[in-house]
Every structure is written in C-alpha cells, then in structure tokens.
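A.B. asks: Single-letter residue listing:
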Amino acid sequence: MNKILEASLNGEVLVIKTEGYLNKDLGQDIQNAAQEHINNGINQILIDLDKSNIVNSIGASIIIELIEQLQESEGTLAFCNLAPIIEKTFKIMGLTKYCSCYPNEEDAIKAMS
Amino acid sequence: MEKKPTVELKLPILKNMELVATQTADVVSKHMQLSEEKSGEISMALIEACINAFEHSESKSEVYIHFIIDDDNLMIKVIDKGIGFDASQVKIPKIESKINSDERKRGWGLMLIKELMDSVDFESSDSGTTLTMIKKKDQNDE
Amino acid sequence: MKTYGSDLDLNEIYVNLKSQKKFNSIQLHFFNQKGLVTSIGLHKYFSGISIPEKAFNAEKSIILDLKDSISSSEAKKFEFQSHRYAWFSFIHFEQKKIGVLVLPSNSKPTSSSKNEINSLKLLIEQQLQLSHLNQEIKKTKKELSEKTLETESLIDVTEIINAQKQAKEQLFSDILIMILSIMNASKGLVLIRDKKSDFFNVEALFNLNKDQEPKHILRITKGVLKSLNDSMSSLIINDPENHKLLNFAKKNCIVSPLESNNQLEGAIILIDKESRHGTIRFTNQDLRLFDSLCKKVSLAYDNIQLIDSLKESHKLVENIMSSITTGIIMINVLGEIEFVNNSARKIFSIDNDDFLQNHYFMVFQNNPNLITLIEEAESQNEIIFENNFKIDDLGGTSHEINLTLSPAFNEENERSGIVFSFEDLSNLNKLKSTFKKYVSENIVDELLKNETSLELGGTQNEVCILFCDIRGFTAMSEKMKPEEVVYLLNNYFESMIDVVFSNNGTLDKIIGDELMVLYGVPLKQKNDAQRAVDSAKQMFQALERFNDKIANEGLPKLRIGIGINQGKVVCGNIGSERQMNYTVIGDAVNLAARLCSHAKAGQIVISKSVFSELENHQGFNEKDPIFVKGKKKQIQNWIFNA
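Read top to bottom, the protein sequences are chains Z, S and H. For what it's worth, this note's numbering labels the leading residue of the first sequence as 1, then goes sequentially. For what it's worth, this note's numbering labels the leading residue of the second sequence as 1, then goes sequentially. For what it's worth, this note's numbering labels the leading residue of the third sequence as 1, then goes sequentially.
What the hints contain is simulated information worked out from the structure, not anything from laboratory work. Misleading hints may appear alongside valid ones.
Stated by the list, open to error - Cβ-to-Cβ under 8 Å is the rule here; a few derived chain Z residues that face chain H:
#	residue
1	M1
2	L5
3	E6
4	A7
5	I67
6	Q71
7	I92
8	Y98
Note that the structure is predicted; figures quoted are calculated from it, not measured. Glycine is no exception: its CB is placed at the ideal position from the N, C-alpha and C atoms.
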C-alpha cells in the first residue's frame, strides 16, 4: 500500500523515493530512513513524491519535525515531483517556507549541490 | 422537493480506511465534472475529516460519509457516533511530546478543511459529530 | 536584619562626643537579637557580648556599679577595667531597643552627668531617625523615578498602539523600536504566530544582521517559545548560547509573551543591553519594566486583532450594503441620519456627506409626506410599509418607491432608531415600460418573477406566428398627407396592440403597415394557437370600432387580412451589437407570412398546425391547398371570414 522505494545518496543529498499514501506510517518510515544518514553527517534530504499523490496532515507534520531536526545542523529538506494538491496542502501548512519544491530530481539535486 | 442523489458510505474504523472515502470522492467528482484541482481539494479535506471522525469515535463504531450531489455543489457529511468535541476546547498541555502524540493531529485537520472547501459546518454533541462541507461548482468545471 | 548603626556616620558622632572632653571613653553599641553587631569606642569588635541583665532590663539610663553587676571577663570586654561605674543608656528606634550608649566613669554619677547622658542618647536617637527618613526618601525617590519612566513609556507605547492607521507590520516595528529605546537594548525581535500553520514568523526586527535572523521553524514545542508558552510570563535568559534563536547574544536577553485567550500569540525579544560602558546584562529590574510594557502591548494586541476583524466585517457589511439595490437609511433616536448606503444616495441623488448627522426634518424637507411617515414610525413599534410612495430627490426629480420603516433595537432591547429601507420603482417601471412595448405587462411580471424562463439567446421553440396586413395601404397612403398617415397608423396599431396584449401575445415587429405577433415566446403557454386566433377575431372587432372612429375624422377605413401558423422556430437576439432585435426565424415564419398575403380583406387564414389546436372550429372553412414558394407540397388552410 505505501512504502519507501529507495533511500540512497546522490552526492551529498539523501534522496528518498516514496510510493503511496504519505500517512503517519510512511512518515515515520521516512524519518527512520533519514535518521541513520543524519547520524552520519548527512543534512540534505530530497523527498521524491512522484509515486505518492495522497498525503495527510500527520504525515506532513512528521516531515516538519524532520525539517526542524535538519535545521539544527543548518541542513535543508526539499521535495520534488509534488502533486498539485500536495503542494497546496504543504503551502497551507506553512511547510513551503522552510523547504523548496522542485519539479524533478535533477533540478533539485542541481540546486542543492 | 426531489431528493438529491446521495452516495452513502459506512466505514469501519481501521487503518487507512479514509482512502475508501477518497476513492469514492474521486468518482463522484468525475461524475459531477469537477476540475482536477477541486477533486484533489475534496479528497484532501475528506482525508482530514475522516481522521478526525475516527479519532472521536475511538474505534467503537463506524463512521458514515454521505456525498450529496446537487447541480450547484457537492455536499459531504462526515458523521461519527463518538464522544463529540468542542471546537473551542482549551488545549490541555500534554506531558509527553512523543512523535505519536495526539496533540499534533488536532492542529491541522480542521484548518485544512476550512481552507480547501467552500464552507464547513459542524454540530457536535456527546452522541456524535456531523461535519458538513461543501464544494461549489463553477463555470470552469464543465 | 537591619544594622542601624551602619547608617549613621558613627565616626562623626563619636568624634563629636569625644570632643566633649568630659567623655573620654564613650561607647556606642548596636545589637540585634543575637548580640552586638556594631561597636564604636571599643578597640575590638566582637559579637556574643551580652549586656548586663540589670542594664538590659532598665527602661531608662542606668548607672551600674561595675563591681556588683558585671563579671570581670565582661568588664574586660567592655574595657571597663579601670572604671568603677558605667552608664548604660539604651538607644531606641521605633519603640525597640536597638543599641546602647555606654559611658564608663570613675566618679559616681551626678544628676548633671545623668542629664548629659540622656541628652547624648536623644541626640543619637534623633540622628538615627533622620538617617532612616533620609533613606526612606531616597527609596521613594527612586521608586518614583522608576514609575515615571514606566508611565511615560506606557504612554508612548499606548500612543503607538492607538494610532491604528498603520499596517500591522509597521505597528510592531514601531513598538519594537520604542521598547528597545526605553530598555536601552541593543537588538530586538517581534515574533507573531501564523494563524494557519502555528509557526511563528518574524514580524519586526531591529539591528540583526542576516546571519542572526532566524531561518528555522519557530514553534512552541521547543526553545524560547516553549519556555514562554509554559510560563506565560516575561523571562530573563542568561544562557542565550543554549538557544538557537539567541546564540549570537553577547550578554543576556529578556523575552515577553504576547498572549490572547491564554494562548501564546507572539513574543517580544530583546538582546543585550547598552550602556556607556558597553554591552551589559539586563537586570531583574529591567525585566520588571519590560514586563509591564509588554503586558500593555499584549493587551492591545487582542484589541488590534479585534479591530482588524471588525474592520473586515465592517468592510464586509459595507460591501453588502453597497451592492444591494435597496436604499437603506438609518435614523437614530434623535432623528439624525446615521448611515446612508450607496443605493440610497443614488435614489435621493445625494453626492456628499451633508446628509449625515442632520435631522430628517431638514434632509427630507422636500418630502413632507415622508416626514409625516417617519414621525409616525418614531412613535410606534410597528413596521410601516408603503407601496408606490412618491418622493422627490434632492435634484427635484420624482421617484416612486416602495418603502419600509422599521423600528431598530440594540442588544439591550432599547429603541435605537429607525431603519428606512426603500426600493426605487422608477427603474423597475422603466424596465417594465420598455418591455411593455414588446410584451404585455402580464408577461413582464411573469418574466420578472421567473428568471429562468427568460431565454433570450438562440433557442428553438414551438411558436405561433400571426401576421396582420392592411390591404391596399400603400396605395391609400399615397393619397394622404404624411402626418395623416402616421396618425392613422399609430392609432391603428394602438388598438391592434391592445388586442395582442390582452391575449398575452408578444409583439415581434411592425414593418410599415404589417404587424407580426408571436404567441409562445418568451413564455410558452398551452393555448398559444387559440389565443392567436382569438386575437385575430378581436382585431377585426377592434378594427370596426377603429374604422368608425376615424371615419368621423375624415380618414379612410382600413381593411386587414391575417395569417396564422404554428411551428418550430429559432428565437434569439438577431442583428449586430449596435442593432439587435429579438425575433424568430424559420420556415414556420415564412409560411405565416405567406398565409397572410393569401388572406383577402376581412379574412383570417390559418394552417393545419393551428387548426388542429383549436377547440372551436366554428367559422373556419377548409379551402383548397395553396402553393407556397419553396415547398413541394401544397399547404392546407382554413379561412375565417370576419
């Protein structure tokens, strides 16, 4: 139903690709996947939501906590391939002030490097 | 007054059951020829409404969802038979601020629903809560 | 525990005393409950000494024979060694024994020496009082100056807050700068909570460079905001290095919450205090002043929010008021005009605010009837309603209005005035009369009632069309004067159209002497064909009357022929933007015209579609089918001879 497809490094950026409903479970999975890398000093994360076109506010708030954590070490979080409704939801929740949204992975990586 | 066409769902309170509601909402939106944008907004608002309703019900009973189709708008009612809640409730500070804290959930849902739908109304008593939200059709949709 | 002795310039007293040579070894001791705390006149200072019991219990000065009353060790302490006697005279302050004046002496005391001791003691007591008073004065002075500063600051802050004309951002910027200068702070921030996301945004900042500006998420879940949220009071932060928001501070910070409804709505943060000597720390005193200033701001913030939302709803009300076509005028209990909406201004032709605050006697002086009505309304509690009431606007033009005068009540259910609401019928009448030219009033009313029935653009409907021609008119008109032709035609049409309207027909057009009437548009009715035929019959009757009338005027009688057909037509506004007519197009129209030209004077020719709709066929005789251009089949027709 929903899962992380991939969580790997592209240069200094951790790219996490998800599939399916971004709810509390998937949100936690994302956080867990990020944690190890964060412990190893990675502080740039790109979340690719190409295959996820539904989200709920709990999943989003877990992402907010991830952003807060990254900010402790001057890191950043970005998204790419957002469905319009997800981008709109993030905007309403105030997320977009603290993270960037890119149309695709390539643009994101370029901007983040 | 003729009765408007209505789709009625009865959802058990299980994980991710809100997606059943969004699937239905997608079909209803298509039937009403609503734009993609509006369809997405309806689904998002519905997810949040369901999550809230599940919360009030505390897995005791089911949550009912009615889609009432009209020429000018889509009205969705999310009904639960739970304990009800007071929208102006003073936040009781929780000691634990673990990731699983309920505090977080309550914050966003209602606000998102209000931003995404054209009008939101709810009645709550100790025998249940009914959230009514409306999405209007406009010329752009057809 | 206060040590009274330390306030006095004891050395000076002592020196003065000593200079009075009589007293070589005067001693002045002050004590608290535990023992001596200050001693002058002794070579050593020590505590734990006890005053000889006899001496202690004495109310007034007492002279002790040291041999009897004091042990030798005590005597040593007091350095009484060489003396035989000692005076003990207690120093009182606020009715308590706080010290003792000790005067060792070798000679037995005389009454004069007793007096001297007493006067010394009094002197000391007076000086104590004085010094105490001085201290109190100093303290009060200090408090007063602090209060003054506070009050002035509060006034300044209040002024800023009350100057509501500014935008919110500007407001907080000004407040911050004001507080910064009062507190002598180096840098400052104002954070305000975003209603939607619950994150806090920087609403104003002062003297922070780019790196110092917060870029991370600010929430009440951690950091300074969490502390503020938990305590809901002003705080002094002495370890700014441990806070991400404040880690650039050099010394310390003071922060204060802005709250509303027990929720943290914002925070005012000051970083580092400036003084002549450079950057210093804020003190608790600073915190107190800061707290009272920010509390004021916090209180006002609530009001600001309220005012903002009031402004919003005021704007909303204004928008609503200005968009409705009903004129609304509010008259207060004194009879003064309090509010006039846009429509009211239009109807009464008011172009300035002179109306407001004036009494309705003055304002409506052209309309005595209106004044009478308002007077009536003032004296009673019922709603007064008048239809088609005539008023004159400020420009002198007459209007007809439907008006309502209702009593208005405030929340305490007291009479608060009158609401005068009215609709200008003139426009409606204009509309009606324009429309009336094309359709009967009934249809206009029907249309106005039922919006959805008005389809003015491109529809296909089943319509009954009637054509009415004056036979041989062209020839006739050539023999008449132009004025006569017009007069004749107009009068003719007037009677014909009366008939049309009384049968709810729609006048499509008049071309020369030809009349085209539609039945079934804009409003379809069941008996369109029947009404068309009835109209035709009545037209002949009306024509007879008309002919009699004009015959008297010496004008030629008119003879008409009528053709009627029913069928599907396209209806719509046809033409160009500049010249457009609502009309119908189609075969059925052409056929109706053909039938009409086929009709001889005094004849009504109808098609099968009309014939089959009639209830009563009496008088209609079927004739030979006729050929019509463009149609292969011949057309059946029935003729009625009027």
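A.B. asks: Each of the hints needs a verdict: does it hold here or not?
C.D. replies: Status of the hints after comparison with the structure:
Because the closest C-beta pair between M1 of chain Z and chain H is about 28 Å apart, greater than 8 Å, the hint is violated. For L5 of chain Z, the suggested interface contact is broken, since its CB lies about 27 Å from the closest CB of chain H, more than 8 Å. At about 27 Å, the closest approach between the beta carbon of E6 of chain Z and any beta carbon in chain H exceeds 8 Å, and the interface hint on this residue is violated. Taking 8 Å as the C-beta cut-off, the interface hint given for A7 of chain Z is violated, the closest approach to chain H being about 23 Å.
With 8 Å as the threshold, the beta carbon of I67 of chain Z comes within range of chain H, its nearest partner Cβ sitting at about 6 Å, so the hint holds. A distance limit of 8 Å between C-beta atoms decides the matter here; for Q71 of chain Z the minimum to chain H is near 4 Å, and the interface restraint holds. Evaluation of the I92 of chain Z hint against chain H yields a held restraint, the C-beta minimum of about 6 Å falling below 8 Å. Hint status for Y98 of chain Z: holds, given a least beta-carbon distance of 6 Å to chain H, under 8 Å.
Of the hints listed earlier, those the structure fails to meet are numbers 1, 2, 3, 4, in rising order.
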